[in-house]
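Student: Sequence:
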Amino acid sequence: MKIFLTLLLFLFSAPLFANTVIPYHYHGDGKFQLRSNHTTQHFEGKFRNEDGSYNEAALKKINLVFQANYNNPETRISIRLLEFIDFLQDHFHGGTITLSSGYRNPVYNQNLRNNGKLAAKASLHQYGMAADLKIQGVSSKKIWEYMREISFGGAGYYGGEYIHVDTGPARFWDQNTSKVGTDISDDNKLLILVPEKDFYLSEKNITVKVVRVTSWPLFLSSHFTLINKDGTKKKKKEIKLVLGEKKAEECLEFHTVKSVSNLLFELPKKVKAGSYSLIARVCKRDNVDTPSEIETTLLRIAP
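Here the sequence shown stands for residues 24 to 326, numbered as in this note's numbering.
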């Protein structure tokens with residue numbers, strides 16, 4: 024009971040709409056002005072409703088600005104990214120957000136690389152988790168410095184008016200420290216497991232996706248592990264979550280971004296409120312540099 028009350032206090036400690044919980048660590052006021060510098064697509068208004076749900080019609084328009092197809096989960100822009108961009112705009116009291124790059128399909132991303140452009144092999148643009156942008160009235164260098172200060176997401180600044188922003192692991196680079204074009208992500212070295220949300224309140228399912236895949240096929244165990252992060256190491260509990268209907272553990276083979284973009288798990292009734300992480304096991308590795316396990320960031324669960 025104490026853990027549950029502590030968790031609720033944490034969830035409601037940030038500015039929220041009345042009686043709602045925004046399921047992301049960083050979020051703004053749920054509205055912004057967004058435009059593309061390549062097309063005529065633009066959006067201005069609210070993308071989050073007052074009850075905390077998301078306006079699907081608004082999300083579809085926003086995805087068009089990002090040159091993404093909302094109807095395809097594989098290309099859909101992450102709401103975590105939208106909330107974080109909104110958070111940055113609100114923090115700096117900025118104006119219109121202009122995109123120079125939003126979603127990139129893998130073929131286009133590879134074409135950029137073939138033509139010598141700055142495009143990482145494992146680019147999060149391919150997963151709807153990144154944007155190259157500028158915010159009216161705000162120096163991109165200030166955004167870069169602030170993201171370093173809060174140590175959240177990825178920020179790349181090359182001295183111009185635009186900045187790369189993503190919701191991957193915390194890392195920061197400039198024109199002198201960029202590792203784009205190197206083999207840093209080859210052989211699935213940089214795999215990460217990304218939960219759909221940061222907070223799960225009264226929900227029965229958890230959805231995750233695997234990103235930064237650079238070598239197919241990818242082999243994952245059908246049994247994922249949910250680890251309670253509260254208390255001492257000896258008190259940590261492991262709960263098996265099964266991918267699919269078979270109870271016996273299998274080594275599953277995945278061949279496309281789409282196949283690892285919507286991995287759904289049902290939470291058992293015995294899960295208690297608290298802090299957790301979810302771990303996937305790579306059950307077959309063709310290269311020693313491929314991690315044997317990949318783990319999500321911290322999740323807050325209050326069933």
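Careful, some of the hints might be misleading.
[What the hints assert, rightly or not] Derived pair list, reagent style DSS-like, types lysine-lysine, alpha-carbon separation capped at 30 Å:
| hint | residue 1 | residue 2 |
| --- | --- | --- |
| 1 | LYS69 | LYS54 |
| 2 | LYS157 | LYS69 |
| 3 | LYS54 | LYS293 |
| 4 | LYS269 | LYS295 |
| 5 | LYS227 | LYS292 |
| 6 | LYS227 | LYS202 |
| 7 | LYS144 | LYS69 |
| 8 | LYS202 | LYS212 |
| 9 | LYS292 | LYS212 |
[What the hints assert, rightly or not] DEER-style ranges, computed between Cβ atoms:
| hint | residue 1 | residue 2 | range |
| --- | --- | --- | --- |
| 10 | CYS274 | SER300 | 42 to 50 Å |
| 11 | GLU172 | ASN128 | 32 to 40 Å |
| 12 | GLU273 | ASP52 | 18 to 26 Å |
| 13 | ASN78 | SER225 | 33 to 41 Å |
| 14 | ASN285 | GLU318 | 28 to 36 Å |
If you are wondering where the hints come from, they were derived from the structure by calculation, not from laboratory data.
We put the CB at the ideal spot given by N, CA and C, even for glycine.
Student: Does LYS293 lie within 30 Å of LYS54 when you go C-alpha to C-alpha?
Tutor: Roughly 37 Å between the alpha carbons, so the hint for LYS54 and LYS293 is violated.
Student: Is it true that ASN78 and SER225 lie within 33 to 41 Å of each other by Cβ?
Tutor: 21 Å, violated
Student: Given the hint that LYS202 pairs with LYS212, test it: the Cα-Cα distance must not exceed 30 Å.
Tutor: 14 Å, holds
Student: For a C-alpha distance cap of 30 Å, please report whether LYS227 and LYS292 respect it.
Tutor: Holds: LYS227 and LYS292 sit about 8 Å apart, inside 30 Å.
Student: Measuring from beta carbon to beta carbon, are GLU172 and ASN128 in 32 to 40 Å?
Tutor: 33 Å, holds
Student: Sort out whether LYS202 lies within 30 Å of LYS227, counting only the CA atoms.
Tutor: 40 Å, violated
Student: Below or equal to 30 Å on CA atoms is what counts here, so check LYS292 against LYS212.
Tutor: With a Cα-Cα distance of about 35 Å, the restraint between LYS292 and LYS212 is violated, given a limit of 30 Å.
Student: Within 30 Å, alpha carbon to alpha carbon, are LYS69 and LYS54?
Tutor: The given pair, whose Cα atoms are some 4 Å apart, holds under the 30 Å limit.
Student: Below or equal to 30 Å on CA atoms is what counts here, so check LYS144 against LYS69.
Tutor: Violated, because 34 Å separates the two Cα atoms, which is more than 30 Å.
Student: Looking only at beta-carbon atoms, does the pair ASN285, GLU318 fall within the given range of 28 to 36 Å?
Tutor: Since ASN285 and GLU318 have Cβ atoms about 19 Å apart, the given range 28 to 36 Å is violated.
Student: What's the verdict on LYS269 and LYS295, does the C-alpha distance respect the 30 Å limit or exceed it?
Tutor: 25 Å, holds
Student: For the hint 42 to 50 Å, verify it against the beta carbon of CYS274 and that of SER300.
Tutor: Given a distance of about 22 Å, which is not inside 42 to 50 Å, the answer is violated.
Checked against the numbered hints listed earlier, the structure breaks hints 3, 6, 7, 9, 10, 12, 13 and 14; every other hint is satisfied.
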